[in-house]
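Trainee: Protein chains in written order, with full-length UniProt numbering: chain Y, 1 to 218; chain D, 1 to 158.
Hints are computed from structural coordinates only; laboratory data are not their basis. Glycine included, C-beta positions come from ideal geometry on N, C-alpha and C. Heads up, a few of these hints could be off.
Heads up, incomplete: computed chain D residues facing chain Y, CB under 10 Å, no partners named [what the hints assert, rightly or not]:
1. Asn46
2. Asn55
3. Tyr65
4. Pro97
5. Ile98
6. Lys103
7. Phe155
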Amino acid sequence: MELKAFKYASNYIIQSQEEEIKRIALELHEGISQNLYSLSTGMEFLQSAMEDPALKQYANEMTELMKRTIQEVRLLSVELYPTTIDTLGLISAIKSYIKLFTSSFGIVVDLQTTGREMEISEGKSLAIFRSCQEALINIAKYADTSDAKLTILWGLNTLTIHIEDEGKGFELEEENSRNSFKGIAAMKQRMTNVGGECMLHSEIGRGTKVTLQLPVQD
Amino acid sequence: MECNRYEQEKMELNELFLLDCSELRENLSCDFTGVALQQQIGIDVNWPFVCGNRNEKYKHLLVRYGKGIAGKVIASGSPMTINSFPENILGKTTDYPIMIAEKLISAYAVPLFWEGKPKGALLIGYRSKHNFTTEEINTVRDGAKKVEALLPSYFCSN
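Pulled out of the complex, with its shape left as it was, chain Y reads as follows (with noise of 0.2 Å):
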């Protein structure tokens, strides 16, 4: 009874956290970056009637500034949350992480897709890009590695990932013990909250493999 309680709970505050998480990053796009664009238009606007070159160079600086905060607002925003699992699907979502990944750690991904996609619900696919940003962020921070293989598997019931590396592994059980594994146990918790399974295997000198499981149909 504790422990249902206590999964319910783990489940809740994850959602709630999402929930939160995803409110924010659209007022960022949807509210701050559309005023922020709208300020930006007039700015240009101001600057085509100015005359006084030394304020015309001003007002020029000033839009400048103005779109590279209306891009940071937005890198912000998908950073947060990507609004493209909702439009454009799971796989989509994660090549685009893939993207930024390899362009903010060095790290070049070979993604491998099998099967045809299948919808699966928001919660799901959020459940899997989250597990799968923390594999990929684990081993851009700790496999000493400048390649990894994320391999995506559609199967008529089951969706499995498989996040791996060549790098330098680690002996489970020692790390284990040592609980140095929180973003380990979050994956794990998040793919259990959703009915879905985390396995991680790793060995010194031959990497690390993150397998993640998922029923697909009810």
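Got chain Y; can you put chain D on it based on the hints?
Mentor: Leaving out everything else, chain D in the frame of chain Y:
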């Protein structure tokens, strides 16, 4: 023919940047030196010239304006020091890609100015804790002046 001359000049310019990086690395006995430059189009920053790198990750890095050590130095136009990464850093560790990619523990970076605006950063780094002395800081600043002298050719040819 014209194209070949352009490529030749570009190669020579790249070599000059790399020479400055390697000279600085030798003078300071540091593990890594790198030049980060803002792209001509857009505001992102990349690392076109490095020395002492452990891998090729720097080639893929595209840092957002204001992020990471280079982005912060360019956005603020002021130098930045990290003595013991990731302790006491501003933001998340993942906001410092060059430190993670090159396993740097300490770094000092100065802005590189072109036409009065910060357009890049010169960074020196160690893979161990390091307190930067005034002498080292001055050497980096002198190095930055040499790199800045190459920027007009870089930005006009790219």
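Trainee: Now look at each hint and say whether the structure bears it out.
Mentor: Hint check results:
1. Asn46: Because about 9 Å separates asparagine 46 (chain D) from the closest Cβ in chain Y, which is inside the 10 Å limit, the hint holds.
2. Asn55: holds (5 Å)
3. Tyr65: holds (6 Å)
4. Pro97: holds (6 Å)
5. Ile98: holds (9 Å)
6. Lys103: holds (8 Å)
7. Phe155: violated (16 Å)
Of the numbered hints given earlier, the model fails hint 7 alone.
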